[in-house]
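Peer 1: Sequence:
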Amino acid sequence: MGLFRRKKDATVKKEEAQGVLTLYSVTLNSSSFYEIAKDEFAEEIKQSSQTGDDFIIVLKDDTKIKMNLKDDMNFVRQQANGMANFFSQAPLENTQVLEQAINQIQMFTCIVGITYGLSPDEKRNEFIVNTIFKTAQRTKSFILYPSMELYTAKGELLISITGETDLDKYYPIASSELLKRDAKATLQDEERYKKIMKECDNSGIPHTDYRLGTQIMEQEVVVPGVEEIAKRAAAIFSCALFAECLLMEDGSLKLAKSNFEEVNKRYGVMDYLSNKEKEYIETEAPEKSALIQFSWQYERCAVLLWALGLMELNAPTDICDVGKAAKVIRSCGSLDKLIQNANVKSNKELLDMQTKILYYDWACVEARIKNLEPPAGLEAGVVQEQHYALNWLIGANGACDWDDIRIDT
Numbered sequence: 076m077g078l079f080r081r082k083k084d085a086t087v088k089k090e091e092a093q094g095v096l097t098l099y100s101v102t103l104n105s106s107s108f109y110e111i112a113k114d115e116f117a118e119e120i121k122q123s124s125q126t127g128d129d130f131i132i133v134l135k136d137d138t139k140i141k142m143n144l145k146d147d148m149n150f151v152r153q154q155a156n157g158m159a160n161f162f163s164q165a166p167l168e169n170t171q172v173l174e175q176a177i178n179q180i181q182m183f184t185c186i187v188g189i190t191y192g193l194s195p196d197e198k199r200n201e202f203i204v205n206t207i208f209k210t211a212q213r214t215k216s217f218i219l220y221p222s223m224e225l226y227t228a229k230g231e232l233l234i235s236i237t238g239e240t241d242l243d244k245y246y247p248i249a250s251s252e253l254l255k256r257d258a259k260a261t262l263q264d265e266e267r268y269k270k271i272m273k274e275c276d277n278s279g280i281p282h283t284d285y286r287l288g289t290q291i292m293e294q295e296v297v298v299p300g301v302e303e304i305a306k307r308a309a310a311i312f313s314c315a316l317f318a319e320c321l322l323m324e325d326g327s328l329k330l331a332k333s334n335f336e337e338v339n340k341r342y343g344v345m346d347y348l349s350n351k352e353k354e355y356i357e358t359e360a361p362e363k364s365a366l367i368q369f370s371w372q373y374e375r376c377a378v379l380l381w382a383l384g385l386m387e388l389n390a391p392t393d394i395c396d397v398g399k400a401a402k403v404i405r406s407c408g409s410l411d412k413l414i415q416n417a418n419v420k421s422n423k424e425l426l427d428m429q430t431k432i433l434y435y436d437w438a439c440v441e442a443r444i445k446n447l448e449p450p451a452g453l454e455a456g457v458v459q460e461q462h463y464a465l466n467w468l469i470g471a472n473g474a475c476d477w478d479d480i481r482i483d484t
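For the sequence shown, the working numbering assigns the number 76 to the initial residue and increments by one for each residue that follows.
No lab work stands behind these hints: they were computed from the structure.
The model shown is predicted, which means the values in this text are computed figures rather than measured ones.
Possibly wrong hints are sitting among the right ones.
Stated by the list, open to error - Under the rule of at most 27 angstroms between Cα atoms (straight-line distance), these lysine-lysine pairs were calculated in the BS3-like manner:
hint: 1; residue 1: K259; residue 2: K273
hint: 2; residue 1: K145; residue 2: K351
hint: 3; residue 1: K363; residue 2: K399
hint: 4; residue 1: K198; residue 2: K139
hint: 5; residue 1: K141; residue 2: K244
hint: 6; residue 1: K423; residue 2: K270
hint: 7; residue 1: K363; residue 2: K351
hint: 8; residue 1: K399; residue 2: K420
hint: 9; residue 1: K198; residue 2: K121
hint: 10; residue 1: K273; residue 2: K329
hint: 11; residue 1: K332; residue 2: K363
hint: 12; residue 1: K270; residue 2: K229
hint: 13; residue 1: K113; residue 2: K141
hint: 14; residue 1: K229; residue 2: K113
hint: 15; residue 1: K431; residue 2: K340
hint: 16; residue 1: K399; residue 2: K329
hint: 17; residue 1: K351; residue 2: K141
hint: 18; residue 1: K273; residue 2: K420
hint: 19; residue 1: K244; residue 2: K445
hint: 20; residue 1: K412; residue 2: K402
hint: 21; residue 1: K340; residue 2: K329
hint: 22; residue 1: K209; residue 2: K244
hint: 23; residue 1: K351; residue 2: K340
Stated by the list, open to error - Each pair of labels, with its calculated beta carbon distance range:
hint: 24; residue 1: E239; residue 2: I131; range: 30 to 36 angstroms
hint: 25; residue 1: D427; residue 2: E302; range: 22 to 28 angstroms
hint: 26; residue 1: K135; residue 2: L447; range: 15 to 21 angstroms
hint: 27; residue 1: I131; residue 2: D284; range: 44 to 50 angstroms
hint: 28; residue 1: D276; residue 2: D478; range: 48 to 54 angstroms
hint: 29; residue 1: K145; residue 2: A451; range: 31 to 37 angstroms
hint: 30; residue 1: E302; residue 2: R213; range: 40 to 46 angstroms
hint: 31; residue 1: A360; residue 2: D137; range: 37 to 43 angstroms
hint: 32; residue 1: E266; residue 2: G288; range: 15 to 21 angstroms
hint: 33; residue 1: E295; residue 2: D114; range: 45 to 51 angstroms
hint: 34; residue 1: L388; residue 2: Y285; range: 25 to 31 angstroms
hint: 35; residue 1: E337; residue 2: E362; range: 21 to 27 angstroms
hint: 36; residue 1: K363; residue 2: F161; range: 23 to 29 angstroms
hint: 37; residue 1: K229; residue 2: E424; range: 21 to 27 angstroms
Ideal placement from N, C-alpha and C gives every residue a C-beta, glycine not left out.
Go ahead and model the full structure; you've got the sequences and the hints to work with.
Peer 2: Encoded structure:
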């Protein structure tokens, strides 16, 4: 392929003789990445090892190739949004390629950082880079160089920060699992779209002139049972409360654990925390970034309590009424009572709300890419959290776990 010759500098620290590349993938099967990489390097491998998300390949000449995989969707989305915002400033005259490159970046689901030892032997360096590109082809990945040039797996320059591209036209790719949908839009689905577009126009919220591919059709909606929704609401509340008790001025781990245990005693939330929630609660010293992230999840709790018919949901121009959510959880006092008091919204009501928030989120993402404030007073953080909870409520991502919900726009 000769890709290394074309790219003269794949390093950021020449004194350490390290090559650096980053793969951005649209695959939903990130667990296979290391096996694919090992298979591509097979003929030259001396040994390999994996520890968690880190993978090391040692070649026969003792060259080390280190890889680190990140597939947490919150992390990936944050990185992708920042990357989209960065590249949106590129002076690329071909606006079709620019816009679609930004759309492509927002579809990334997995990031793999790669470092490798550079050799005086240019053929050795070329072999490593070309093999990484072959790995990219099999994992539906794009390759970012430190010079901020993003390549397709075929070696075509998609976009550079200096405004260059090899392409006249470009259309994004995504995982077949994301694209494989048999549902056709019904008259009701079309009417829902038109109604929301009218609401957006009246509120001054920009929108597409077409239905987003991520819009869920009425026949696709699968709503969890009332017990599952109630359990999720209690679990989210307990984790957000834990974070609040650590973030407040006079907060402490002792206070956080005490308040969490109070909710756990009444609702038994430890039995149905998600994997990430359990790991967070059991960490003795959670990082501040994690605390902030979980404190935002009061917004998700509010959505679920709204879905249960137990509180009103604020417009996404304001944060939720945390006091009201706390009152609902504490006044019910048990999971059975929470379920007993519930009056679950209809599938239509849930889908109407999810579709509206989907387009609000699209508008917020577009504003962020263009370095603008969210339109019409929308609070982007609230919109994202509501979007997450609503996607789970209607089964927008299929039968995936709570931790794996995606809020693609």
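Peer 1: For every hint, state whether the structure bears it out.
Peer 2: Results for each hint:
1. Distance restraint check for K259 and K273: the Cα-Cα separation of roughly 22 angstroms lies within the 27 angstroms cut-off, and the hinted pair is therefore satisfied.
2. This hinted pair checks out: K145 and K351 have alpha carbons roughly 15 angstroms apart, not beyond 27 angstroms.
3. Among the hinted pairs, K363 with K399 is consistent with the structure: their alpha-carbon atoms are about 25 angstroms apart, no more than 27 angstroms.
4. For the hint linking K198 to K139, the alpha-carbon distance of about 16 angstroms falls within 27 angstroms, and the restraint holds.
5. A threshold of 27 angstroms between alpha carbons decides the hint, and for K141 with K244 the separation of about 34 angstroms lies outside it, so the pair is violated.
6. A C-alpha spacing of about 14 angstroms is found between K423 and K270, which places the hinted pair at or below 27 angstroms, so the restraint holds.
7. Proposed proximity of K363 and K351 is supported: the alpha carbons are some 15 angstroms apart, at most 27 angstroms.
8. Note on K399 and K420: the hinted pairing holds, with a Cα-Cα distance of about 19 angstroms set against a maximum of 27 angstroms.
9. Between K198 and K121 the alpha-carbon distance is near 18 angstroms, which keeps this suggested pair within the 27 angstroms criterion.
10. For a cut-off of 27 angstroms, the pair hint linking K273 to K329 is broken: about 50 angstroms separates their Cα positions.
11. For the hint linking K332 to K363, the alpha-carbon distance of about 16 angstroms falls within 27 angstroms, and the restraint holds.
12. Note on K270 and K229: the hinted pairing is violated, with a Cα-Cα distance of about 42 angstroms set against a maximum of 27 angstroms.
13. The straight-line distance between the Cα atoms of K113 and K141 is roughly 12 angstroms, inside the 27 angstroms bound, and the hint therefore holds.
14. Between K229 and K113 the alpha-carbon distance is near 20 angstroms, which keeps this suggested pair within the 27 angstroms criterion.
15. Proposed proximity of K431 and K340 is contradicted: the alpha carbons are some 37 angstroms apart, above 27 angstroms.
16. Taking the CA atoms of K399 and K329, the gap is about 24 angstroms. The hint holds against a cut of 27 angstroms.
17. Between K351 and K141, the direct Cα distance comes to roughly 26 angstroms. Compliance with the 27 angstroms bound is thereby established for this hinted pair.
18. Annotation: proposed proximity of K273 to K420 holds, straight-line Cα distance about 23 angstroms (limit 27 angstroms).
19. Restraint check for K244 and K445: the C-alpha separation of about 21 angstroms stays at or below 27 angstroms, so the hint holds.
20. With a C-alpha separation of about 13 angstroms, the suggested pairing of K412 with K402 holds against the 27 angstroms cut-off.
21. Simply put, K340 and K329 have alpha-carbon atoms about 16 angstroms apart, close enough for the 27 angstroms limit, and the pair holds.
22. In summary, the hint linking K209 to K244 is supported, as the alpha carbons are separated by about 23 angstroms, within the 27 angstroms threshold.
23. For the hint pairing K351 with K340, the CA-to-CA distance comes to about 20 angstroms; that is within 27 angstroms, so the pair holds.
24. About 34 angstroms separates the C-beta atoms of E239 and I131, a value consistent with the hinted range of 30 to 36 angstroms.
25. In this structure, D427 and E302 meet the distance hint of 22 to 28 angstroms, their C-beta atoms being roughly 24 angstroms apart.
26. For K135 and L447, the Cβ-Cβ distance of about 53 angstroms falls outside the hinted range of 15 to 21 angstroms, so the restraint is violated.
27. Checked against the given bound of 44 to 50 angstroms, the beta carbons of I131 and D284, roughly 49 angstroms apart, stay inside it.
28. Separated by about 36 angstroms at the C-beta atoms, D276 and D478 break the suggested range of 48 to 54 angstroms.
29. Roughly 33 angstroms separates the CB atoms of K145 and A451, a value that falls within the hinted 31 to 37 angstroms.
30. The hinted window of 40 to 46 angstroms between E302 and R213 holds, with their beta carbons roughly 42 angstroms apart.
31. One distance hint, 37 to 43 angstroms for the beta-carbon pair A360 and D137, holds here, with the actual separation near 38 angstroms.
32. The supplied range of 15 to 21 angstroms is met by E266 and G288, whose beta-carbon atoms lie about 19 angstroms from each other.
33. Restraint check, E295 to D114: a C-beta distance of roughly 36 angstroms breaks the suggested window 45 to 51 angstroms.
34. Range check, L388 to Y285: about 27 angstroms between beta-carbon atoms, so the 25 to 31 angstroms window is met.
35. Between E337 and E362 the beta carbons are some 24 angstroms apart, a value that agrees with the proposed interval 21 to 27 angstroms.
36. Separation of K363 from F161 is about 25 angstroms and conforms to the stated range, judged on CB atoms against 23 to 29 angstroms.
37. A hinted range of 21 to 27 angstroms is violated for the C-beta pair K229 and E424, which are about 46 angstroms apart.
The structure fails hints 5, 10, 12, 15, 26, 28, 33, 37 (numbered hints given earlier, in ascending order).
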